[in-house]
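Go ahead and model the full structure; you've got the sequences and the hints to work with.
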Amino acid sequence: MAHTDKKSAAREQTPIARAKRAPRRPPTRRVLVLVATRKGAWLFHGDTTRRTWRIDGPHFLGHIVNHVVLDLRDGRTLLMATKTGHLGPTVFRSTDFGRTWKEATRPPAFAKAPHGEQGRTVDHTFWLTPCHANEPNAWYAGTSPQGLFRSEDDGVTWEPFSIINDDPQYRKWMGSVQDGTPDGPKLHSIIVDPRDPAHLYFAMSGGGVHESVDRGRTFAPIVKGMKVVGGFDPDNIAFHDPHCVRLCPSNPDRLYQQNHCGIYRLDRPSSEWVHIGRHVPKRTGDIGFPMVVHPRDADTAWVFPMDGMTVWPRTSPEGKPAAMVTRNGGKSWQRLDSGLPKSQAWWTVKRQAMTADAQDPVGLYFGTTSGELWMSRDEGKRWTCLARHLPEIYAVEAAEV
Amino acid sequence: MKVLIPSSLLSYTKEQEVEATGATLTELLADLDRRYPGLRFRVIDEQDNMRGHMRFFVNGEQVFELTHALRPTDAVYLVQALSGG
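Protein chains in written order, with the working numbering: chain E, 1 to 401; chain G, 1001 to 1085.
Quick caveat, the hints were computed from the structure, so don't treat them as lab data.
Treat the hints loosely; a few may be bogus.
Taking CB as the label site, the calculated pair distances span [said to hold, decoys possible]:
1) E:VAL156 <-> G:THR1024: 27 to 33 Å
2) G:LEU1082 <-> E:SER270: 50 to 56 Å
3) E:GLN118 <-> G:GLU1027: 21 to 27 Å
4) E:ASP297 <-> G:ALA1081: 20 to 26 Å
5) G:THR1024 <-> E:ASN251: 54 to 60 Å
6) E:VAL156 <-> G:LEU1066: 25 to 31 Å
7) G:ARG1071 <-> E:ASP196: 58 to 64 Å
8) E:THR157 <-> G:GLU1061: 48 to 54 Å
9) G:GLN1062 <-> E:GLY85: 17 to 23 Å
From a predicted model like this one, the values you see are computed outputs, not experimental measurements.
We put the CB at the ideal spot given by N, CA and C, even for glycine.
Right under this line is the structure:
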């Protein structure tokens, strides 16, 4: 249906002055940061130097927005996965950077169960990934509870994709609502190999990491080397809880993973994950949610550790937030906390809420559970707060436009 | 018949009270979705169950079955549950 967010005219357009340090090589493209929150979405339009930002929002105030993604294939299609506390899940599209939005005519939904059988219902669409550059207009979506969906028409209509949604073995690995994250088990980290549209990965919390080499016709788990919570059997795929998986654009044979049980790296064709988080200082630990890779250097990756001890407070360890970076594929890690609060900061960063742009030096962006948006123009050496007092931030994406 | 729409669905109907027809709640919702595309899936899931936080009243009485029969003189209320406090 035609569905226009009429509040857009009243939206705040606020310039924010920022610190004055010139990048090494002035880029020509602007960065657009897409912020999805528990109560709406905001767009932060940067200038070419990433020094000043114009806030556009809220879009869909009060709606639970899990992901907003710009299609880099056409540079203008935005998809937003949303629901409200009362209303069912849907997807909205914009082709004018959020001036107007149109709702999908068929949002992701499981197949209707045969009479007498219990069918599943999508609680929310959690993850959106544009398909391969050779498949324009096609997108993947991951849902809670775990389901994989595909759209062939820019997100207007969605169909269940692959056998996994109804496959008895996959359903067993997905587990029940009790086996997932607090607000529902999720299918996430849908990755398309930039060299081959038939080569796909996805991950499930819980339910492991999976790979397809036949464009989703079949998938198989790829969990060797990954730990599970003590006392459980790592051979049981259901016990594996990858939090976020990323493929390195500069070397698509390398993947990094932030898992419930640590940080891992996988170098194909090997199918065994290497536990690189063991090199993070014990006091910080290698538990967390987001995983960020460098656009041009496959040895560089960032994480944002959180407190995963005892009852899992899911806060920054000791109330002292910091990102960690590796510059050598995980052999060693350095703490990046310049500009961040030094103490009594009990927020953390969710799995979709940290990302990088493609500029030089790379810009990093993360949103916190307490509604702060932070950025670094120098790959994490120095952090600056872009916004405070937003709702809890669920996802942050950066795109060059 | 008259159908009262909750505030969360005004982005679809633009009006709080609309006219729609149907011999059952199922048919009424199908008619509403024809008039206001997308509305039905926001309140009824893909297994044809009422969503957990939506309530349906006919002439002041809560109904739980989509097969509930309707007459043209009935007043139907779609209501958000007070589950938010």
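Should the hint that ASP297 (chain E) and ALA1081 (chain G) are 20 to 26 Å apart at their CB atoms be regarded as holding?
-> 51 Å, violated
Just tell me: holds or violated, for the beta carbon distance of GLN1062 (chain G) and GLY85 (chain E) against 17 to 23 Å?
-> This hint holds: roughly 20 Å between Cβ atoms.
Determine whether the Cβ-Cβ distance between VAL156 (chain E) and THR1024 (chain G) falls within the hinted range of 27 to 33 Å.
-> 29 Å, holds
Is 48 to 54 Å right for how far apart the beta carbons of THR157 (chain E) and GLU1061 (chain G) are?
-> 37 Å, violated
Confirm or reject the claim that ARG1071 (chain G) and ASP196 (chain E) have a C-beta distance inside 58 to 64 Å.
-> Taking Cβ atoms as reference, ARG1071 (chain G) and ASP196 (chain E) lie about 60 Å apart, which means the hint holds.
Using the beta carbons of GLN118 (chain E) and GLU1027 (chain G), state whether their distance is inside 21 to 27 Å or not.
-> Between GLN118 (chain E) and GLU1027 (chain G), where Cβ atoms are some 25 Å apart, the hint holds.
That 54 to 60 Å hint for THR1024 (chain G) and ASN251 (chain E) (C-beta), does it hold up?
-> 59 Å, holds
Assessment of proposed distance window 25 to 31 Å (beta carbons of VAL156 (chain E), LEU1066 (chain G)) = 27 Å, holds
Hint check for SER270 (chain E) and LEU1082 (chain G) - Cβ pair distance inside 50 to 56 Å | 54 Å, holds
In summary, the numbered hints that this structure violates are 4 and 8.
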